[in-house]
Amino acid sequence: MRKFILIWGGTKSRVNGMLLGFMGAGVAKTIFGLGQSLTLWLPAQFCSSLNFPLMGSSETALWMEAVPPELQGRVFAADELVVKLVSAIATLMAGVLSDRFLEPAMQSPTILNSLFAPIFGNSAGAGMALLYVVCAIAMLSIGAVGFKLSQLRQIENTVSKL
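Numbers in this note's numbering are just positions in the sequence shown, counted from 1, shifted up by 42.
Read the hints as simulated data drawn from the structure, not as lab findings.
Glycine included, each C-beta is placed from N, C-alpha and C at the ideal position.
There's no promise every hint is true.
[Unchecked claim] What follows is a list of derived Cβ distance ranges for each label pair:
| id | residue 1 | residue 2 | range |
| --- | --- | --- | --- |
| 1 | D121 | Q87 | 21 to 27 Å |
| 2 | S55 | D121 | 16 to 22 Å |
| 3 | S165 | Q193 | 42 to 48 Å |
| 4 | Q114 | S165 | 45 to 51 Å |
| 5 | S156 | A108 | 44 to 50 Å |
| 6 | R116 | T152 | 31 to 37 Å |
| 7 | P85 | A180 | 18 to 24 Å |
| 8 | K54 | D121 | 21 to 27 Å |
Construct the entire structure; sequences and hints are all you get.
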């Protein structure tokens, strides 16, 4: 996929590439979370994976344009540190939320079960599927809201003036 983006050149607007990547991954991950079989999970995960090079290359290009070359190493290292730290915290929170709250709630007579069991079932894994779909919809929403934020869409013009 990276070679394809290299040949294609990506989207005209880097911000659009990043937001489209968010939305595409959100849609594919939602389908993955709603799926009940391997025949749906595999293509959904494949389609989800296609969006991350577009999202990542667009973000990296924005940073490279905005940051002077002599500071890029520090900025990219700080960015990577923040991403890894937030990812670790989110993973810990998701595990606790799923194991201690969502899984038991989806397997017993609760409001969550009555609302979401028709979609996710009520067996093992239903709580995790619910969490996965909620996060995927959040990802899709972030991309959609990003298109409505004029300051975000204009960031390339601001960066190129620096």
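Right, here's what the structure says about each hint:
1. Between D121 and Q87 the beta carbon distance is about 26 Å. The supplied range of 21 to 27 Å therefore holds.
2. Checked against the hint of 16 to 22 Å, the pair S55 and D121 passes, with Cβ atoms roughly 21 Å apart.
3. Distance hint check: the CB atoms of S165 and Q193 are about 45 Å apart, consistent with the given range 42 to 48 Å.
4. In this structure the supplied range 45 to 51 Å holds for Q114 paired with S165, their Cβ-Cβ distance being about 49 Å.
5. Range check, S156 to A108: Cβ separation about 49 Å, and the 44 to 50 Å hint holds.
6. The hint said 31 to 37 Å for the Cβ distance between R116 and T152, and at roughly 48 Å that hint is violated.
7. For the pair P85 and A180, the supplied restraint of 18 to 24 Å holds, since their beta-carbon distance comes to about 22 Å.
8. Here the CB-CB span from K54 to D121 is close to 24 Å, well matched to the stated 21 to 27 Å.
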